[in-house]
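Residue numbers (numbering that gives the first Met the number 0), protein chains in the order written: chain U, 0 to 372; chain D, 0 to 208.
Hints listed in this document are in silico derivations from the structure and should not be mistaken for laboratory results. Predicted model only: the values in this text are computed from it and were never measured. Among the clues, some could well be false.
Subject to a maximum C-alpha distance of 30 Å in a straight line, what follows is the list of computed BS3-like cross-link-like pairs (lysine-lysine) [to be verified]:
(1) U:K103 - D:K109
(2) U:K103 - U:K122
(3) U:K122 - U:K64
(4) U:K370 - U:K33
(5) U:K20 - U:K33
(6) U:K320 - U:K33
(7) D:K109 - U:K33
(8) U:K79 - U:K64
(9) D:K135 - U:K253
(10) D:K167 - U:K103
(11) D:K55 - D:K167
(12) U:K192 - U:K253
(13) U:K64 - D:K109
(14) U:K370 - D:K55
(15) U:K253 - D:K58
Covered stretches of chain D (in silico footprint by chain U; criterion: 3 or more residues with CB under 8 Å from a CB of chain U, positions within the stretch not fixed) [stated by the list, open to error]:
(16) 103-115
(17) 121-132
If we take Cβ atoms under 10 Å as the criterion, some of the chain U residues that face chain D in the derived model are [unchecked claim]:
(18) P113
(19) N136
(20) E170
(21) E258
Positions of the beta carbon are idealized from the N, C-alpha and C atoms, including for glycine.
Given next are the chains, with one letter for each unit.
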Amino acid sequence: MSEVYIGAKSILCPLGDTPSKVYEAMLHGETGLKPVDNPFGIHTMSHVGLIPDHLIVQEHMDSLKLTNMLAACYERSVSKLRFDAFQDEAGLVIICTTKGNIDKIGQPEDPRLPLGRLGRFLKQSFDLANDPMIISNACISGALGIITAARLIRAGEYDHVLVLGGDIVSEFTLSGFASLHALTDGVCKPYDKNRAGINLGEAAAGLVLSNDETIFKGSHSEYISGASANDANHISGPSRTGEGLHRSIERTLKAAEVEATEIGYLSAHGTGTSFNDEMESIAFGRSGLSETPVNSLKGYFGHTLGAAGVIETLLGLEGMKRKQLVASLGFEEMGVSQPMNIIQETTAPRSEYFLKTASGFGGCNASALFKVI
Amino acid sequence: MQRISFIQGNMSLFLKTYCRITDGEVHINGELFCQHMDEDPFLRSVYKHIGLTYPKFFKMDELSQLGFLGAEMTLMRSELENYADDEVAVIYSNRSSSLQTDMQYYETLKEGIASPALFVYTLPNIEVGEICIRHKLYGENNFLITERFDAQQLLQQCEALFADNAAKAVLIGWTEVENGGHDGFFAFITGSGTNEVTAETLTDIYLGR
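Pulled out of the complex, with its shape left as it was, chain U reads as follows (with noise of 0.2 Å):
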């Protein structure tokens, strides 16, 4: 297999705007999950994790909200490139979003509701050659969309993809997982005992693949595999025996020839709700994954949907790099049958093999796994 590189992150989240800003939030334990009054007339006690106003640049000719997040998702991750790989035909960019600028409902005629309408902002105000490709696979688009974007550069079919996640929190996605009485009162507890449910959090995130490693500015480090799997289970329910989450995981580890035993950090999905955490830990307990150093990011900046597995994929790239996995945030008790080695304070990994997993509505899991150095 051609090898592919990963590299020139970009990130917006509650918690900053660099991914060594939030990396260093994150380190010194801090979460992004602030208490709203009412959020969009919603009654709930659930933090919420908001991208502050000020981080926000507005200068571009989109005034949505979500729109403005990717453009400088994109020219940030641009500018840790050499050039500009995606005003030629030899590059292409993948957003990934559940729900795009589902903040516009209500007003069915504004044309940019429907999800296409990203790609073709995008392609106009950065003049890329190749019309964006949208995936929209709940929450794993992210994690899909890098494996996709391996897939296509080994395929031969581009040399550089920029993959962009990013979903918003909305009067709409907040009130739907309210009615699916998912939220968590306070801070999202994963894998605990006591935990209760999901938080709500907003974020873009970019990463570039590439086939040409000297295409980066700064660092990057090597994508190695992925796969996803359905559980052909249930459409809003995770599996009981984690059978998609532990096939993915399966596949993975053997297009890569690397065993469950060498890996050194697993970035989990970890939303806080009962049954996910519960399916992840039999799944990785069938996977042989009970020892390897696990912690799931939503604590500091919430399930953000769409983006998840961009964000949490570039911030577990960063641990990697500086050799610190940050504690799983809102963690104290056992809470799951299987037994995790839940990261709870900052730990060095224990290889540098890197696999990150990401689970969804209508079934769907992925991983994808890292060789950083």
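Add chain D to chain U, keeping to what the hints say.
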């Protein structure tokens, strides 16, 4: 501007089965399969015509019903038994994501009682989940948003999956529902076979040319 793929020269893709669902008619492999004749809504009438008993169908939103029926008719003619349960990928696409159900959910919210049953369907890949449950498919999934049916992008995905040994066959789909109208196209794409397919020929089939 589309890049000419490196591997299109090396890798051939083959079309096993295809199914077209448009307003009032279903065609399978180019031949008329059924027409909307009775008083039921169109998709319900197709469901009856197939003779399937699958109560979950009635819980699905219209987008999932369309995608489910297309998968049913395509996979039944694709010798699915020749593949392991994780060798068939499902890659669907459309223009509007789940917008029709988004609007229905949003109405319930504005009326004061947000419907969790509708909210669950406000993700387009839920229809892929429904298909995987029905046919016990544990393989790769993806859902792509394109402004129109994009054979090039879908076949590119098939090539990338085959090249990565991530699938041996792919059910690709285009499902659009809007104001009671349906535009569905489904095809079973394999890495070996007899009926070679290109983006041009697939687009022609979709357009009925």
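| task | For the hint on U:E170, just tell me whether its beta-carbon gets within less than 10 Å of chain D. | result | holds (7 Å)
| message | Using the nearest Cβ pair, does U:N136 come within less than 10 Å of chain D? | response | holds (5 Å)
| message | Check whether the Cα positions of U:K103 and D:K109 lie no farther apart than 30 Å. | response | holds (14 Å)
| query | Are the Cα atoms of U:K370 and D:K55 separated by 30 Å or less? | reply | violated (43 Å)
| Is U:K103 within 30 Å of U:K122, Cα to Cα? | holds (21 Å)
| Once the shortest beta carbon distance from U:E258 to chain D is found, is it less than 10 Å? | With Cβ-Cβ at 19 Å, over 10 Å, it is violated.
| message | Just to be careful, I want the Cα atoms of U:K320 and U:K33 compared with a cutoff of 30 Å; is the pair within it? | response | This hinted pair holds, its Cα atoms lying about 29 Å apart.
| task | Using 10 Å as the Cβ threshold, decide whether U:P113 counts as touching chain D. | result | OK, holds: U:P113 within 10 Å of chain D, min 5 Å.
| task | Quick one: see if chain U covers the stretch 121-132 of chain D, three-plus residues with Cβ-Cβ under 8 Å. | result | holds (count 10)
| Agreement of D:K109 and U:K33 with the hint, judged by alpha carbon distance not exceeding 30 Å | holds (26 Å)
| Satisfaction of hint between U:K253 and U:K192, Cα-Cα up to 30 Å | Violated - the C-alpha atoms of U:K253 and U:K192 are around 33 Å apart, more than 30 Å.
| query | Can the restraint linking U:K64 and D:K109 be considered satisfied, given a maximum Cα separation of 30 Å? | reply | holds (22 Å)
The structure is inconsistent with the numbered hints 4, 10, 12, 14, 15 and 21, although it conforms to all the rest.
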